[in-house]
Amino acid sequence: MSIDSMYVHKMWNDYELSKMVQGGIPFPMLSDTGGKVGKVYGVYDEDAGVETRGRFIIDPDGVIQAFEVLTPPVGRNVAEAIRQIQAFQLVRESKGTEATPSGWKPGKKVLKPGVDLVGRVWEEWKTEMASD
Amino acid sequence: MAEELNVGCARPTGGPVGESEAPPATEQEPGKKEVASMVQVGKKAPDFVAPGYHNGKFVNIKLSEYLGKWTLLCFYPGDFTFV
Chain A
-16 MSIDSMYVHK MWNDYELSKM VQGGIPFPML SDTGGKVGKV YGVYDEDAGV ETRGRFIIDP
44 DGVIQAFEVL TPPVGRNVAE AIRQIQAFQL VRESKGTEAT PSGWKPGKKV LKPGVDLVGR
104 VWEEWKTEMA SD
Chain B
34 MAEELNVGCA RPTGGPVGES EAPPATEQEP GKKEVASMVQ VGKKAPDFVA PGYHNGKFVN
94 IKLSEYLGKW TLLCFYPGDF TFV
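As given, the protein sequences belong to chains A and B, one line each in that order. This note's numbering numbers the first residue of the first sequence as -16 and each following residue consecutively. This note's numbering numbers the first residue of the second sequence as 34 and each following residue consecutively.
Don't take each hint at face value.
Said to hold, decoys possible - Under the rule of at most 16 Å between Cα atoms (straight-line distance), these lysine to aspartate or glutamate pairs were calculated in the EDC-like manner:
#, chain 1, residue 1, chain 2, residue 2
1, A, Lys92, A, Glu81
2, B, Lys90, A, Asp(-3)
3, A, Lys(-7), B, Asp112
4, B, Lys95, A, Glu81
5, B, Lys76, A, Asp(-3)
6, B, Lys102, A, Asp42
7, B, Lys102, A, Asp(-3)
8, A, Lys19, B, Glu36
In short, the hints are calculated from the structure, not lab data.
The whole structure should be built from the sequences, with the hints applied where relevant.
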């Protein structure tokens, strides 16, 4: 979503993005001329008249589970967004009984918060696991 | 799901739906500055409708159509902005 019209979205997709992604952009490119939606989400920059690089993960109940907002010159990391969605899906499937420690990715150890884990995380999780 | 839009010269717009945006400007407690409403994790994503382009068509999308699915909503400064 950006402040561009849907006509400009069409031109960007057809002229440039379809050369990077076969078949063009697979998801809807939304138009927020005036930034009304961006204001509600806290990503509209009044001075520049544009929206910053905001990314929101919304769960099946419509609840925001995560967001990240960057200023324009730095692009995002799609793999990290997907990793976070996978982590939130795991937590949801476990009905909140499991939690994903720092550095978790699919296949890595999860923790089960509870009375037995208090003060014992150091036995279950090592700092190297944050970045291995 | 998404309703297809007829193309005309008027520029279609969308916006938030549901709860009214800003509360009426009433007198505020002195020293209490108005804080812009910011979304929070763990809270509902504000619903909206927006026109867009998808699979060769102009469509009207409502966020709440995606209830039941994991949804990634991304904002960016503008088309052709490089990164």
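Against the structure, the hints come out as follows:
1. Restraint check for Lys92(A) and Glu81(A): the C-alpha separation of about 10 Å stays at or below 16 Å, so the hint holds.
2. Simply put, Lys90(B) and Asp(-3)(A) have alpha-carbon atoms about 12 Å apart, close enough for the 16 Å limit, and the pair holds.
3. Between the alpha carbons of Lys(-7)(A) and Asp112(B) the distance comes to roughly 10 Å, so the proposed pair stays at or under 16 Å and holds.
4. Restraint check for Lys95(B) and Glu81(A): the C-alpha separation of about 32 Å exceeds 16 Å, so the hint is violated.
5. Taking the CA atoms of Lys76(B) and Asp(-3)(A), the gap is about 36 Å. The hint is violated against a cut of 16 Å.
6. Using a Cα cut-off of 16 Å, the hinted pair Lys102(B) and Asp42(A) holds, with the two alpha carbons roughly 7 Å apart.
7. For the hint pairing Lys102(B) with Asp(-3)(A), the CA-to-CA distance comes to about 28 Å; that exceeds 16 Å, so the pair is violated.
8. Of the supplied pair hints, the one linking Lys19(A) and Glu36(B) is violated, its CA atoms being roughly 21 Å apart against a limit of 16 Å.
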